[in-house]
Amino acid sequence: MRKEDFELLSKILKERSGLVLSENKVYLLESRLTPIARKKGMETLDDLINEVRLRRKEDLLREITDAMTTNESFFFRDSTPFDLFKADVLPGLLKARANARRIRIWCAAASTGQEPYSLAMILSEMETQLAGWNIEIIGTDLSKDVLDKARAGVYSQFEVQRGLPIKLLMKYFTQAGEMWQISEKIRKMVTYRPFNLLDSFRSLGTFDVVFCRNVLIYFHQDTKSDVLERLRGQMAEDGTLFLGAAETVLGLTEKFKPVSGKRGMYMTADHAGQLRKVG
Amino acid sequence: MKSCLVVDDSKVIRKVARRILEELDFDIREAVDGQDALDSCHETLPDVVLLDWNMPVMNGLDFLKNLRASDGGDKPVVVFCTTENDMSHISAAISAGADEYIMKPFDREIIEAKFSQVGLI
Numbered sequence: 032m033r034k035e036d037f038e039l040l041s042k043i044l045k046e047r048s049g050l051v052l053s054e055n056k057v058y059l060l061e062s063r064l065t066p067i068a069r070k071k072g073m074e075t076l077d078d079l080i081n082e083v084r085l086r087r088k089e090d091l092l093r094e095i096t097d098a099m100t101t102n103e104s105f106f107f108r109d110s111t112p113f114d115l116f117k118a119d120v121l122p123g124l125l126k127a128r129a130n131a132r133r134i135r136i137w138c139a140a141a142s143t144g145q146e147p148y149s150l151a152m153i154l155s156e157m158e159t160q161l162a163g164w165n166i167e168i169i170g171t172d173l174s175k176d177v178l179d180k181a182r183a184g185v186y187s188q189f190e191v192q193r194g195l196p197i198k199l200l201m202k203y204f205t206q207a208g209e210m211w212q213i214s215e216k217i218r219k220m221v222t223y224r225p226f227n228l229l230d231s232f233r234s235l236g237t238f239d240v241v242f243c244r245n246v247l248i249y250f251h252q253d254t255k256s257d258v259l260e261r262l263r264g265q266m267a268e269d270g271t272l273f274l275g276a277a278e279t280v281l282g283l284t285e286k287f288k289p290v291s292g293k294r295g296m297y298m299t300a301d302h303a304g305q306l307r308k309v310g
Numbered sequence: 005m006k007s008c009l010v011v012d013d014s015k016v017i018r019k020v021a022r023r024i025l026e027e028l029d030f031d032i033r034e035a036v037d038g039q040d041a042l043d044s045c046h047e048t049l050p051d052v053v054l055l056d057w058n059m060p061v062m063n064g065l066d067f068l069k070n071l072r073a074s075d076g077g078d079k080p081v082v083v084f085c086t087t088e089n090d091m092s093h094i095s096a097a098i099s100a101g102a103d104e105y106i107m108k109p110f111d112r113e114i115i116e117a118k119f120s121q122v123g124l125i
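Protein chains in written order, with my numbering: chain A, 32 to 310; chain B, 5 to 125.
Please note that a few of the clues may not be correct.
Unchecked claim - Short derived list, chain A residues pointing at chain B, Cβ under 8 Å: (1) Gln188; (2) Gln192; (3) Gly194; (4) Pro196; (5) Ile197; (6) Lys198; (7) Met201; (8) Lys202; (9) Gln206.
What the hints assert, rightly or not - With a Cα cut of at most 25 Å, we get these calculated DSS-like pairs of lysine-lysine: (10) Lys15/B x Lys198/A; (11) Lys198/A x Lys219/A; (12) Lys45/A x Lys19/B; (13) Lys79/B x Lys198/A; (14) Lys69/B x Lys34/A; (15) Lys42/A x Lys117/A; (16) Lys15/B x Lys108/B; (17) Lys198/A x Lys69/B; (18) Lys202/A x Lys6/B; (19) Lys88/A x Lys71/A; (20) Lys202/A x Lys216/A; (21) Lys45/A x Lys15/B; (22) Lys202/A x Lys15/B; (23) Lys42/A x Lys79/B; (24) Lys126/A x Lys288/A; (25) Lys255/A x Lys70/A; (26) Lys34/A x Lys71/A.
Honestly, the hints are just simulated from the structure, not real lab data. Virtual Cβ for every residue (Gly too), placed ideally from N, Cα, C.
Let the hints inform the model, and build the full structure from the sequences given.
Encoded structure:
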């Protein structure tokens, strides 16, 4: 991408959303905006940029901004799901899985790795308690490019400052020039694989916890329902689902119930039914 | 309303930080170096200090050590905000009692994220 094109796009994004795009995010512009160009019947991203330069149409600018911002991933994004995972979900699983000592976690929209690595850091902070446990974190995403970045675990100064407490940066990252790399120990805790949520989930196995945040918002209603119903099929009966703060199961599926007072956290309807009986 | 002391020898940085923090509902005082900041703290302790490192008269780290050694000086949350972005500076700041550390350049999102991590927002 030419320097002046990068500058044009980053200026527009900054103005419209406050998003600060560093030079090392060129790949992100390319991977997110090329599909928009294609959708508009243009050959290349350059054609799209020319269109922006010439006409600055509001709806195109909005589409570009949305594509660049909605997926942006932070460490410990929205904090609540991570607090709930640590304080509610894990203690429950440590009891319920005391014999098998095995927990499987799926990050269904792993993006550039911040979400699975945030979970890995939480688990690593509890390692004495978890000694002898086999904990698997699978991170999937449609985009191979973002997964390459996730696997490398290298983040810009901006990225490591959004949501990541300084003490965790000190403990789990090393500095490499202007960038920060997450430690091999944390990287090894997560397995990444490219995966389309529209495909069958069967090859993935069964999970105790699923994070599927800020991805359903891209889908139509019937696709949302379909994904949620199939998710239930891959989850343990006492499994926990986390959705994004702006997402819900209401009106989409009966297979999950919101956990009252715990924003973004859902349990399977079967388990909710059993809890009611016991209660 | 929580109070924040913005310590930086750059007028521009103080202005940017003030604007962001006022939007986040903080009452802002400013100081131009570590000594100025200490004087301000001796008058009234703020809830939080946003602290530059390299400043004339007294640098941020010396201010922090002085503050933490003074009466009631353990109370304010101290967030460094500096171009010093290597691990040795970060470690020195945290060992001296800083609660969080922002590497410049910063934006509203980073300030908001860091302040919320230390329970200020």
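Checked hints:
no. : hint                : verdict
1   : Gln188              : 5 Å, holds
2   : Gln192              : 5 Å, holds
3   : Gly194              : 5 Å, holds
4   : Pro196              : 5 Å, holds
5   : Ile197              : 4 Å, holds
6   : Lys198              : 7 Å, holds
7   : Met201              : 6 Å, holds
8   : Lys202              : 11 Å, violated
9   : Gln206              : 6 Å, holds
10  : Lys15/B x Lys198/A  : 30 Å, violated
11  : Lys198/A x Lys219/A : 20 Å, holds
12  : Lys45/A x Lys19/B   : 19 Å, holds
13  : Lys79/B x Lys198/A  : 19 Å, holds
14  : Lys69/B x Lys34/A   : 45 Å, violated
15  : Lys42/A x Lys117/A  : 39 Å, violated
16  : Lys15/B x Lys108/B  : 15 Å, holds
17  : Lys198/A x Lys69/B  : 19 Å, holds
18  : Lys202/A x Lys6/B   : 30 Å, violated
19  : Lys88/A x Lys71/A   : 13 Å, holds
20  : Lys202/A x Lys216/A : 11 Å, holds
21  : Lys45/A x Lys15/B   : 23 Å, holds
22  : Lys202/A x Lys15/B  : 34 Å, violated
23  : Lys42/A x Lys79/B   : 40 Å, violated
24  : Lys126/A x Lys288/A : 22 Å, holds
25  : Lys255/A x Lys70/A  : 22 Å, holds
26  : Lys34/A x Lys71/A   : 24 Å, holds
Hint violations for this structure: numbers 8, 10, 14, 15, 18, 22, 23, all remaining hints satisfied.
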